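Colleague: Same order as they appear, the protein sequences are chains A, B and C. Position one of the first sequence corresponds to residue 1 (this note's numbering), numbered consecutively onward. Position one of the second sequence corresponds to residue 1001 (this note's numbering), numbered consecutively onward. Position one of the third sequence corresponds to residue 2001 (this note's numbering), numbered consecutively onward.
Just so you know, these hints were derived from the structure itself, not from any lab. Source: prediction; values computed, not measured. One or more hints might be untrue.
In silico DSBU-like links for lysine-lysine, alpha-carbon gap of 35 Å or less [unchecked claim]: (1) Lys329(A) <-> Lys239(A); (2) Lys27(A) <-> Lys246(A); (3) Lys1153(B) <-> Lys2049(C); (4) Lys2023(C) <-> Lys1153(B); (5) Lys339(A) <-> Lys322(A); (6) Lys2113(C) <-> Lys23(A); (7) Lys1248(B) <-> Lys2094(C); (8) Lys27(A) <-> Lys239(A); (9) Lys165(A) <-> Lys2049(C); (10) Lys1258(B) <-> Lys1223(B); (11) Lys322(A) <-> Lys246(A); (12) Lys2049(C) <-> Lys1248(B); (13) Lys1153(B) <-> Lys2022(C); (14) Lys2102(C) <-> Lys313(A); (15) Lys2049(C) <-> Lys313(A); (16) Lys2023(C) <-> Lys70(A); (17) Lys339(A) <-> Lys2102(C); (18) Lys339(A) <-> Lys2094(C); (19) Lys1224(B) <-> Lys1265(B); (20) Lys2113(C) <-> Lys195(A); (21) Lys313(A) <-> Lys253(A); (22) Lys1265(B) <-> Lys1301(B); (23) Lys1301(B) <-> Lys2102(C); (24) Lys1258(B) <-> Lys2022(C); (25) Lys70(A) <-> Lys2020(C); (26) Lys2020(C) <-> Lys87(A); (27) Lys1231(B) <-> Lys1301(B); (28) Lys1301(B) <-> Lys2094(C); (29) Lys2094(C) <-> Lys322(A); (30) Lys2022(C) <-> Lys70(A); (31) Lys2094(C) <-> Lys1153(B); (32) Lys70(A) <-> Lys2049(C); (33) Lys2102(C) <-> Lys343(A); (34) Lys1223(B) <-> Lys1273(B); (35) Lys1258(B) <-> Lys1174(B); (36) Lys70(A) <-> Lys2113(C); (37) Lys252(A) <-> Lys284(A).
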Amino acid sequence: MAGIVGYGSYVPRYRITVEEIAKQWGKDAVSIKNGLLVNEKTVPGMDEDTITISVQAAKYAVQRAGIDPKEIGAVYIGSESHPYAVKPSGTILIDALGIGPDVHVSDFEFACKAGTEAMYVAYSHVKAGNMDYAMGIGADTSQGAPGDALEFTASAGGSAFIMGKEHVVAEIEHTYSYTSDTADFWRREGRMYPKHGGRFTGEPAYFRHVVSAGQGMMEQAGMKAEDFSYAVFHMPNGKFPLRAGKRLGFTKKQIEPGWIVPWIGNTYSGASPTGLSATLDVAKPGDRILVVSFGSGAGSDAFVFRVTDEIEKIRNLAPGFKSMMDDHKIYLTYGEYAKFRGKIQLND
Amino acid sequence: MREVAIVGIGMTPFGELWQDSLRNLFAKAALAAIDDAGVDHIDGMYIGAMSTGLFVGQEHIASLMADYLGMPGVPAAHVESACASGGIAVRQAFFEVASGAGEIILAGGVEKMNDGADTTYVLATAADQEYEAFHGVTFPGLYAMIARAHIHKYGTTREQLADVAVKNHENGFKNPNAQFRMKIDRETVMNSTMVADPLRLLDCSPVTDGAAAVIVASMDVAKKLARPYVKIKASAMATDSLALHSRKDLAALPAVQKAAERAYKQAGVTPDKIDVMEVHDCFTIAELVVMEELGLVERGKAGAAVSAGMTRLGGKIPVNTSGGLKSKGHPVGATGVAQVIEIVEQLRGAAGDRQVANAGLGLTQNMGGSGGSCVIHILEAMS
Amino acid sequence: MIVPRYTREIPQRYRLEAGKCKKCGYLAFPPRVVCPECGNRRFVTVRLKPAGTILTYTVIHVAEDNFAAETPFAVGVVETDDGARLTAQIVDCKPEEIEIGKRVNLILRRIRKEGHAGILQYGYKAVLQR
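Work out the full structure: start from the sequences and follow the hints.
Modeller: And the structure:
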């Protein structure tokens, strides 16, 4: 059965706390932290972007998969912060990893769902027998406008998954998608920051799609929440995934290993893939994991994974997510953060 | 090869010369040298300049200079070896005269650095563009890495680096052509703005406009002119990898050592016979490493020697009596020629307050890039 | 427009491709047509180990305009574990953490931007091994 044969994640070292951002705008950090269940978020270094994050995550995935990169037949990067408006991100990645040139490459965009889209298409290729291996990546260096609520959560990071049929560490047993035209969050061409519908992003957007996809997935698979050891729901903040999980019958314990948003923020296209990666770091053979992503606009992709014995062999071949999340952090002031994110107008 | 003399010298003051264009700077220095030699013509000229194209958007400068010197028709060529361009111009003139192809050749150097260009960017083109400059390394950065390696390997101190600048400013204070005629102390150097750690602003030579020219001629011509002249006893050059990282020892400048070995051999002298030297102190660390490569001191001992006053005026071997690149200024293409001018003045006994008593033998050491090229001349007084 | 020469250097910048002298084993990075050690002209392409040691470094406070927004930043000479040497920025650390002899990994980062509208240029940088 087709599934994940290698996975890897990467988040930048830099962090900014909710307190630091709140101070800048005269807001109350305690109430924001209680509202969002987010303490701090990652910030990309001045030399980091979706491409460099994807490359690092992909290198770890190849390391874990133990395959020759040349065997990878397709590479898809899902992001809403591709550094170029026109020119692919994936071409840089394949040349950096030594994949191809006989490889199919494409960049995906579907707000925060682009990562699971990339995984879905990579998986479909392998399942259909088009190729032995395909890689799907979700990564972002997301932008929140200064002073906007998004500024507390919009962060950077990503994860890469190599799909294959041999030495699979997490089989994909079922997939399901739920999509509708719902403009809860968008960014027009040429605009630097996204706009969003405020509370409209909640019930009609996030919850409708995530819960529907979760229900649809479990119905299709004939499974219940108790059948899963773990679940990952897209994490725009700390609260939403817990609430969506609760509605679908999941406990906090099932969600916790992949509930990384309090310490890294919302990595957008990287969010649910990285939640999965963090979960795979602790999962045991036989565990089932439900993943439901969400992308504004809007849609959700759902997957049912079954972890295999192979996981133990590859887990330690690349850095685990927890150490990346917890160690060697460099905290930024708001001024440094503004410089890093290009929010200061330079005279160039 | 026949013997060759320097019969005339001329230079503009060094500094921020806002009113002078590239062409006028050169013409002024060249005319001064021609007048000083008392010649009525030249057979050709070589012009050293690092990057007139990037500094002022002008290439094909040799013809332009011949034209503005009022000598259209004279053979002229531009030579380039980054900051060693001026020294190379002198060397080319030396060869043309030594070979007998020419009798009177002008060797000049010019750079117009204060004309709106991104100087840091232009200078970095003398480094390996794709493998050094690409990564944001600046020239101060390259020498800072040499300094860090030297400090690490030999225990050279921050104070010793500062003492190079202090000494050179002491000399430059006495030089009417110097850009920064001011004395500075150790603390001022060590508290100046950080440029590339551990090098601070006053460890670095300034951004300078200026031109310098010398008239190189055969001994026959020199004798006929009946003016003070000096003999070029050696003209030697060596190259090295352009990229600093390709060198085995990062605390050394092997091109200097190689060129020095060749120059001493040509001149039949040992370093202790030299009375005065002008060396390429583009950064304080450069003067220390160059002293070691020239054999003035053992490796790792230059810092202590400078702090002990060995290279001050009146010391065992005065170095950079002109003020060096540090105080006199560093219009890159002109520097190598200006170094020769200082030594000629010393050997003529015409260096005024900066005069080294009984100077009979002098040396100039001019370096390109982070040590990718080095040209050395040894000059001898003729009475 | 620097696209042609940028494209030419991609194998070195993105994946550290070097030339290994078939005669004496000298590692030429970037690849050369003649070995500076033995004069041999035949090389085989190899990928450098993406880890090494800092031989020297500086922290640049005054940069060319292209890098002005990034100052201060550290640059060092790194010797890779297979013995090649290169210049690279040292990132993701405080300048005072850097020392000669410290171990680094070479990773892909954006090195520079060609103005506001030109291409983004990527290549290796060093990060301290933790």
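Colleague: Hints the structure violates: just list their numbers, smallest first.
Modeller: Nothing - there is no hint that the structure violates, so all of them hold.
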